[in-house]
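Participant: Here the protein sequences come in this chain order: A and B.
Here our numbering is used: the first residue of the first sequence is 29, the next is one more, and so on.
Here our numbering is used: the first residue of the second sequence is 5, the next is one more, and so on.
These aren't lab readings, by the way, just hints derived from the structure by calculation.
Since the model is a prediction, treat every value here as computed from it, not as a measurement.
We treat Cβ as the ideally placed atom computed from N, Cα and C, and that holds for glycine.
Please note that the accuracy of each hint is not assured.
To be verified - Distance condition first, Cα-Cα at most 20 Å in a straight line; then the derived DMTMM-like pairs of lysine to aspartate or glutamate:
hint	chain 1	residue 1	chain 2	residue 2
1	B	K120	B	E131
2	A	K165	B	E92
3	B	K113	A	D91
4	B	K107	A	D103
5	B	K120	A	E101
6	A	K165	A	D91
7	B	K78	B	E131
8	A	K63	B	E131
9	B	K120	A	D110
10	A	K55	B	E109
11	A	K150	B	E92
12	A	K150	B	D88
13	B	K113	A	E101
14	B	K120	A	E52
15	B	K120	B	D103
16	A	K63	B	D103
17	B	K120	B	D88
Said to hold, decoys possible - Per the computed footprint, the stretches of chain B lying under chain A, defined by three or more beta-carbons under 8 Å from a beta-carbon of chain A, are:
hint	region
18	51-62
19	65-79
20	121-134
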Amino acid sequence: MQRKWLLGAVILWGGASMAFAEEERMKPVTDPLAKAECSECHMAFPAGFLPAGSWRKIIGDMDHHFGHNAHIEPDSQARILDYYVKNAGSGNGLSSLNPPLRITQLPWYIGHHRYALSAEAKQRVGSLVNCQGCHPKAANGIFEVD
Amino acid sequence: MRSLLLSLVVLVAVFNPAMAGPREDILATYATQAKRADPAFAGFSAKRGEAFYLAERTGGEWSGVSSCTTCHTKDPTKVGRQPDTGKEVDAMAASVSSDRFMKPERTEKWFTRNCKGVLGRECTALEKGDFVTYILSK
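Here chain A stands alone, though its shape is the one from the complex (with noise of 0.2 Å):
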């Protein structure tokens, strides 16, 4: 009897991180132009985690990039720009006035990154910005750690 709840417990808790991986993915970029030029720097990240609103605050100021003049030609930068907002996420629960500018401050992020890394691993990954450090598979829109 006892043997019969473990298992349950286990098929369960297998469902459970099974849905809970498939969570953890988002639609990668997929315009070519978009890709190329945020890459460049860092990984491109996903529009859908944030807001239209962001994305007009973040690319409509490359010149004032997080510190750096990311200067990109104004043909290039509209058109970037256009596919971030039409694939932009929803900025449920998120200010519209004053939309978040740093993906790293959003709740979630938080949420799902508050176990401290060692020494090491913030060696290696060098930035929280640096997605790839532990999500190998992140420019392919898949988070969820091996």
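With chain A held as given, fit chain B onto it using these hints.
Facilitator: Same frame as chain A, now just chain B:
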């Protein structure tokens, strides 16, 4: 005889190192600009390029980036890293990264960004030509 001559021409074109390719075109453009800025311009120097590459700078727009070497390392044949994003930067040296200085617009885009970021100004044609000459020598 004619075909022999033709194959000779083709051979010279293929093996002549001075043949104009994208990199030579980029250097030629900078040379024209450098000559315009200073009629005494007498060619680019890998040695000056190396000193430029290794120099420590102040006045750049980016905090924490004080030299080309911050992201590209002191050895252009080594893989570098963007300190803010953690992204690996392909080695500068063309002997390691074959796509370096193959597209003039890409070369210009990065000179524009990085010169402002590290030096706080645009680089001169002489500096760019010296830099490219140095990197291509590695």
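Participant: Please write out, lowest number first, the hints stated earlier that are contradicted by the structure.
Facilitator: 6, 8, 9, 10, 14, 15, 18, 20
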